[in-house]
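Please model the complete structure; the sequences and the hints are all you need to start from.
Quick note on numbering: my numbering labels position 213 of the sequence shown as 213, and the sequence is numbered without any gaps.
Each hint should be verified, as a subset may be incorrect.
Label pairs and their calculated CB-CB ranges [what the hints assert, rightly or not]:
1) K122 to R63: 38 to 46 angstroms
2) V102 to K278: 25 to 33 angstroms
3) E141 to K261: 31 to 39 angstroms
4) R21 to K278: 49 to 57 angstroms
Keep in mind that the hints were calculated from the coordinates and are not lab data.
If you're wondering where the values come from, they're calculated on a predicted model, not measured in any experiment.
Just so you know, even glycine gets a beta-carbon here, dropped at the ideal spot from N, CA and C.
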Amino acid sequence: MLTIGRSRTNDVLLHDSKVSRTHALIRCLGDGNYYLTDAGSANGTFVNDARIVVPRALVNADRIRVGDHIMEFMTDQEAPVEESDEEETGETKSTLLTFGSVVHRITVLVSDIRGYTLMSEKMPVHRLADMLGRWFGSCSEIVARHGGVVDKFIGDAVMVRWLSDAADNDETVLLALRTAHAMNLASQQFNAEFPDLPGLFRIGVGINTGQAVVGSLGSVHGRDYTAVGDAVNLAFRLESSTKELRTDVVLGPDSYKRLPKAVWEQNLRSIAVKGKEKPVTVCTFSFDHLAIVVPE
1 MLTIGRSRTN DVLLHDSKVS RTHALIRCLG DGNYYLTDAG SANGTFVNDA
51 RIVVPRALVN ADRIRVGDHI MEFMTDQEAP VEESDEEETG ETKSTLLTFG
101 SVVHRITVLV SDIRGYTLMS EKMPVHRLAD MLGRWFGSCS EIVARHGGVV
151 DKFIGDAVMV RWLSDAADND ETVLLALRTA HAMNLASQQF NAEFPDLPGL
201 FRIGVGINTG QAVVGSLGSV HGRDYTAVGD AVNLAFRLES STKELRTDVV
251 LGPDSYKRLP KAVWEQNLRS IAVKGKEKPV TVCTFSFDHL AIVVPE
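Right under this line is the structure:
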């Protein structure tokens, strides 16, 4: 992690009254994906002249403005440029490129903040940025502690993955559940640390196991080391379903079946999932129940 600010403890020290003591952070996630996070600065952090609130993925030549200082982000992990298809209009079409991608069996966890839209409307921008920066930093530490990889931040959501190639490898599901439990404990602390929240700080979690393409994916304009596929899409759908099911954690069938039957047989529900012809049977847990099933 690289810190930017006015205090001497920062990696990038900026002598500028418009810069906060610790103004912004750059984290490297996964395999070479860099995210810029505002640390609750008074005057904001900007990428290509747009103020950021949630963590922003950085690509080569992004211009970062902190106070009166402008920095250019550069990394040596550039995507090879392929010839683009051009139509008669001359319009260039983006092409999905893959570099060293491999199909793996993975366990995916997706978590997002409940009521984030209301928070973004009611809270001052610098206060919201401070909260999100600290929340995603806490999530990153929890994930590292449980052997996972933060794949990406998307708005107020975080996506985490574990490789789960061994057919009898149940550990990744347990690690995902323990991560969800730890995230919930961390979220409870935020209610005390941010008493001005318009509502309780709560999260929902979706967990799914299945095959996905893992590798450097993107277009000629940039790439990310990430995972894509039906297993990932379903994890996002399961997280969304926590609101409809009025529960905290939802597991897909290939995940919950890796747990002892006694843990999940009384907690099954059937839900309709966009893009699926048939209903999907899922397992649901409240965080209170989860604390009993997989204590830290």
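To see whether the hints hold, each was checked on the structure:
1. Distance hint for K122 and R63: a CB-CB separation of about 30 angstroms, inconsistent with the stated range 38 to 46 angstroms.
2. In this structure, V102 and K278 meet the distance hint of 25 to 33 angstroms, their C-beta atoms being roughly 29 angstroms apart.
3. The supplied range of 31 to 39 angstroms is met by E141 and K261, whose beta-carbon atoms lie about 33 angstroms from each other.
4. Checked against the given bound of 49 to 57 angstroms, the beta carbons of R21 and K278, roughly 55 angstroms apart, stay inside it.
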